[in-house]
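Asks: Which chain is which? The protein sequence lines are A and B, in order.
Position in the first sequence (first residue = 1) + 482 = this note's numbering.
Position in the second sequence (first residue = 1) + 1049 = this note's numbering.
Don't take every hint at face value.
Where chain A lies over chain B, by a calculated footprint (3+ residues, C-beta under 8 Å) [what the hints assert, rightly or not]:
| id | stretch |
| --- | --- |
| 1 | 1054–1061 |
| 2 | 1240–1251 |
| 3 | 1273–1282 |
Beyond 12 Å from chain B on every Cβ pair, some chain A residues (computed) [said to hold, decoys possible]:
| id | residue |
| --- | --- |
| 4 | Met483 |
| 5 | Arg535 |
| 6 | Lys536 |
| 7 | Leu537 |
| 8 | Ala539 |
| 9 | Met541 |
| 10 | Val556 |
30 Å max Cα-Cα, derived DSS-like pairs, lysine-lysine [said to hold, decoys possible]:
| id | chain 1 | residue 1 | chain 2 | residue 2 |
| --- | --- | --- | --- | --- |
| 11 | B | Lys1269 | B | Lys1087 |
| 12 | B | Lys1269 | B | Lys1082 |
| 13 | A | Lys599 | B | Lys1082 |
| 14 | A | Lys536 | B | Lys1269 |
| 15 | B | Lys1269 | B | Lys1086 |
Calculated directly from the structure, the hints in this document are not laboratory data.
As the structure is a prediction and not an experimental result, all values here were calculated from the model.
Where a beta carbon is used, it is the ideal one built from N, C-alpha and C, also for glycine.
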Amino acid sequence: MTIYGVAILAACYLIGQWIGAELGALLGIDANVGGVGFSMLLLMLANSYMHRRKLLAPMTEGGILFWSNLYIPVIVAMSAVQNVAAALSGGAVAIIAGILVTIIPMVLLPFVVRLMKRKAP
Amino acid sequence: MKLIMDILTKNGLVVAFLVTGGILWLSYLISDKILRKKIPGSAIAIVTGLLLAYVGGAVTGGSKGIADISWLSGMGIMGGAMFRDFAIVSTAQGVHLEELRGTGWVGVVSLLLGITMSFVIGMLVALSFGYHDPKDLATIGAGACTFIVGPVTGAAVKASSEVIAVSIAAGVVKSVVVTLITPVFARQIGLNNPQSAMVYGGLMGTTSGVAAGLAATDPKLVPYGAMTATFFTGLGCLLCPSVFYLILTYFFGS
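Only chain B is shown next, with the shape it has when bound in the complex (with noise of 0.2 Å):
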């Protein structure tokens, strides 16, 4: 036992391909023979994934989900940063330029617009919790934007670790629910061609969320929604410690 153990913990990557193959397997067995095919075996693969991470918390305490199990370590490889930006930009690869020509200026003010609202939302809830403090309405409304604009905002205004912490989950249970809604509603509310794909991906920002809850609704969007995703969490580390923080002072006092 204990030689197996040894040999999954060393080859973490392979157990990850391993694991998550016997995932999809799973996912798609279930979506075919149980489900009918009403929900698509990607979107029962990535709330298993979710399920998981919150199983691994929990048995470990850590903050990596299922990838604190150390045999089970080579998931963070495959679900980090560098190999999840190196499969989306090969999407773009079924991207035709045509496609995309004249349509920068929907990216910039969806991009725009999401920042604004996804700041204001999180501000005004923070606010009717009794936080006062710009700092704190500033910080918790960047985690609103995304859970890297949250920490990044808090530092630069020295906002508190525990207001920074709130701004964290706030980002991470907002790519959770894109992640969960996003094929949900998808049909309501027109999300099925290239170009509300782009402006979805600008008003929601969260990457993984946004790239997680395409995938689940139709592949084939994915790369426009990420295309403009991938500009919030910068846009937003622009705005929010500068512009948007000063707005507040403005209104709150320093």
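Just chain A, same shape as in the assembly (with noise of 0.2 Å):
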């Protein structure tokens, strides 16, 4: 059934926002530190496992797949309700730090990725 796949997608999702918000007391820091992260990995591991044992049905993936297809809609709604007009009038200070370091990390890119490709074991 759909539901399944929904309910195994919120259980993901609910322990890995719990594993971040306890990782993040433990620090100290009030925020979530990779939530959204650890929920993907046993996402992950979830579905490597019930591949394996096949016990995924279509209709069950399903229930995760409409999330994953509702993902672009999700952004733009997202991209709808950014303080824009904050950004913009946040003086010069803030447009041009938030573009350098924008750009900045932007063009170090492929020499970060060839540096770790050439240290990788």
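Could you use the hints to bring the two separately framed chains together as a complex?
Replies: Here you go:
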């Protein structure tokens, strides 16, 4: 059933958020540390386990794929609720810092990737 | 008319589905027919979203973009953190564990590099604009990481609310710029495989910017970038008000 897939996704999401929150609390900071990342790892583990055991019915998988297909629309809605007006009114410091901090790491990306490939075991 | 408005306001999330569907339909139409797929439809849709956000903020003076218009408030639910993270997690369904094996250190190195670089760049810009207090420098440097690290750091080091506002703005500008220019330069910087997407997520860190930018570049790369980016804000909140701030007080006095 489709809802099984959605429920598996929900379980991974919630457990991951919980791990992220605990990790944040453990480090003494008021932020979720990697909650989404842990959720994704859990989903991948669950997915490969179920694939191996042939437990993943197509309808069940459909419940997860439905959400990953809605991903871009959700991102579009997210861009529509950003505080763009504030970003532009934050003054020159904010705008220049925001632009430089995007462009410099972006230019460095190929070098970082190459460096890591060379060091890779 | 009032009845229609009532219905729209009461069913916010459903209205958001309709409006977002409309934006995507129009964007793909423009991409196909007018631009001959030179710019992907998803990129046009995301830019349209940002424009609407600006209009919403300019018209209402609020902070939630288009969602400040009452009958469009459902956009705030659909585009809020819960739906965003839920949808991002679901994209991991297409990732195979084998591809990630042994890449953990790539993520860690790019994250540390990304946070340090963002902090230093933000701090240098603040310095060149005449900020000297280590509290202000740390807060703006943290804002250059993400718009969450900025206020968290500002609150921790007790910076003024004006400086915190600047730090949030810097973070928001970053997420907007990342969204806009990622698809433009993706090919030149070799952003076309899972590993470089992971490094990119770690260097940039803004989950919304990385996710939207990669979605507009190649949706298959999204889970890899999001995976590392999700650790950026937490690590930034950890490092900026502590280690980085202490280093700044050493150089600039407290």
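Asks: Decide, hint by hint, whether the structure agrees.
Replies: Hints, verified against the model:
1. 1054–1061: With 0 residues in contact (Cβ-Cβ under 8 Å with chain A), the coverage given for the stretch 1054–1061 of chain B is violated.
2. 1240–1251: It holds: at least three residues are needed, and the stretch 1240–1251 of chain B offers 5 whose Cβ sits within less than 8 Å of chain A.
3. 1273–1282: holds (count 6)
4. Met483: For A:Met483, whose nearest Cβ neighbour in chain B is about 17 Å away, the distance exceeds 12 Å, so it holds.
5. Arg535: Holds, because the least Cβ-Cβ distance between A:Arg535 and chain B comes to about 15 Å, which exceeds 12 Å.
6. Lys536: It holds; A:Lys536 is separated from chain B by about 17 Å at its closest Cβ, greater than 12 Å.
7. Leu537: Holds: least Cβ distance 15 Å, greater than 12 Å.
8. Ala539: 14 Å, holds
9. Met541: 14 Å, holds
10. Val556: Its Cβ does come within 12 Å of chain B, the nearest being 4 Å, so this is violated.
11. B:Lys1269 with B:Lys1087: 19 Å, holds
12. B:Lys1269 with B:Lys1082: It holds: about 24 Å lies between the C-alpha atoms, which stays within 30 Å.
13. A:Lys599 with B:Lys1082: 41 Å, violated
14. A:Lys536 with B:Lys1269: 25 Å, holds
15. B:Lys1269 with B:Lys1086: Between B:Lys1269 and B:Lys1086 the Cα gap is close to 18 Å, so the pair holds against 30 Å.
Of the numbered hints given earlier, the model fails hints 1, 10, 13; all others are met.
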